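*Asks:* Sequence:
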Amino acid sequence: MEIDDKDRKIIEILQHDSRLPIREISGLARIRPSTVHQRIQKLVEGNVIEKFTIKLNNKSVGENFIVFMLVKGTATEYLDNKVINNKHVKEVFGITGEYDLLIKLKFENVGEFHEFVLNFRRNKKEIQSTLTMVVTTNLKEDI
148 MEIDDKDRKI IEILQHDSRL PIREISGLAR IRPSTVHQRI QKLVEGNVIE
198 KFTIKLNNKS VGENFIVFML VKGTATEYLD NKVINNKHVK EVFGITGEYD
248 LLIKLKFENV GEFHEFVLNF RRNKKEIQST LTMVVTTNLK EDI
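In this note's numbering, the protein residues as written are 148 to 290.
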């Protein structure tokens, strides 16, 4: 699906605040409300916009200990539902290079992370190695 400058402006406004009413988006984008509505529908139907969501404050929801974990092994074998559906696993990427996966995890504290690591590595012979990086400061996070 092709998107033009008007679509990009609407997307930019929605990324800032997806709760804005059509009329307010219309004013900010300088596009008629009916056109804004039609374009948003088109963007949703064309899978340009997958969903409207919120950005949580990590500290407020008890997820201020953020970790990135690189995993080496056979991806299809060790990424069972227990890992993918774990509440701490926020994003999983297949990557190129020395490692196979990059996993973004969020925890309340280091103890919670420690428990996760013990369970993650337990009985998973397919995992050759992991490299863990703890986030010390979040400079930018888009959703």
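Certain hints may be false.
As the list claims (entries may be wrong) - Computed cross-link-like contacts, BS3-like style, restricted to lysine-lysine with a CA-CA straight-line distance of at most 27 Å: (1) K189 <-> K206; (2) K198 <-> K287; (3) K219 <-> K198; (4) K153 <-> K206; (5) K219 <-> K153; (6) K237 <-> K271; (7) K272 <-> K234; (8) K206 <-> K237; (9) K189 <-> K234; (10) K272 <-> K156; (11) K271 <-> K198; (12) K198 <-> K234; (13) K287 <-> K206; (14) K202 <-> K287; (15) K271 <-> K251; (16) K189 <-> K251; (17) K272 <-> K198; (18) K206 <-> K219; (19) K219 <-> K156; (20) K271 <-> K202; (21) K206 <-> K156.
As the list claims (entries may be wrong) - Distance ranges between label pairs, derived from CB positions: (22) E262 <-> R170: 26 to 36 Å; (23) K198 <-> D151: 34 to 44 Å; (24) E149 <-> L265: 21 to 31 Å; (25) E259 <-> K219: 36 to 46 Å; (26) I201 <-> D151: 44 to 54 Å; (27) V257 <-> I150: 21 to 31 Å; (28) E245 <-> L161: 44 to 54 Å; (29) E192 <-> E262: 38 to 48 Å; (30) V195 <-> N233: 25 to 35 Å; (31) R268 <-> D152: 14 to 24 Å.
The hints are simulated quantities; they were obtained by calculation from the structure and are not laboratory data.
Since the structure is predicted, the reported quantities are computational estimates derived from the model, not experimental observations.
Heads up, the beta-carbon is just placed ideally off N, CA and C, and yes, glycines get one too.
*Asks:* State for each hint whether it applies.
*Replies:* Against the structure, the hints come out as follows:
1. K189 <-> K206: Roughly 36 Å between the alpha carbons, so the hint for K189 and K206 is violated.
2. K198 <-> K287: Holds, at about 21 Å.
3. K219 <-> K198: violated (32 Å)
4. K153 <-> K206: violated (36 Å)
5. K219 <-> K153: The hint is violated at about 43 Å.
6. K237 <-> K271: holds (20 Å)
7. K272 <-> K234: holds (23 Å)
8. K206 <-> K237: Answer holds: K206 to K237 is near 15 Å, not above 27 Å.
9. K189 <-> K234: Roughly 33 Å between the alpha carbons, so the hint for K189 and K234 is violated.
10. K272 <-> K156: violated (49 Å)
11. K271 <-> K198: Roughly 34 Å separates the two Cα atoms, so the pair is violated.
12. K198 <-> K234: holds (20 Å)
13. K287 <-> K206: holds (15 Å)
14. K202 <-> K287: Holds: K202 and K287 sit about 12 Å apart, inside 27 Å.
15. K271 <-> K251: Measuring from Cα to Cα gives roughly 19 Å; hence the hint holds.
16. K189 <-> K251: Since the Cα atoms of K189 and K251 sit roughly 31 Å apart, the hinted pair is violated (cutoff 27 Å).
17. K272 <-> K198: violated (37 Å)
18. K206 <-> K219: Since the Cα atoms of K206 and K219 sit roughly 30 Å apart, the hinted pair is violated (cutoff 27 Å).
19. K219 <-> K156: Violated, because 40 Å separates the two Cα atoms, which is more than 27 Å.
20. K271 <-> K202: violated (33 Å)
21. K206 <-> K156: Given that 27 Å is the threshold and the Cα spacing comes to 31 Å, the pair is violated.
22. E262 <-> R170: 26 to 36 Å: At 49 Å between Cβs, range violated.
23. K198 <-> D151: 34 to 44 Å: Violated: the Cβ-Cβ distance is about 22 Å, outside 34 to 44 Å.
24. E149 <-> L265: 21 to 31 Å: Check failed, 49 Å falls outside 21 to 31 Å.
25. E259 <-> K219: 36 to 46 Å: Because 24 Å falls outside the window, the suggested range is violated.
26. I201 <-> D151: 44 to 54 Å: violated (27 Å)
27. V257 <-> I150: 21 to 31 Å: Taking Cβ atoms as reference, V257 and I150 lie about 43 Å apart, which means the hint is violated.
28. E245 <-> L161: 44 to 54 Å: violated (38 Å)
29. E192 <-> E262: 38 to 48 Å: holds (43 Å)
30. V195 <-> N233: 25 to 35 Å: holds (30 Å)
31. R268 <-> D152: 14 to 24 Å: violated (49 Å)
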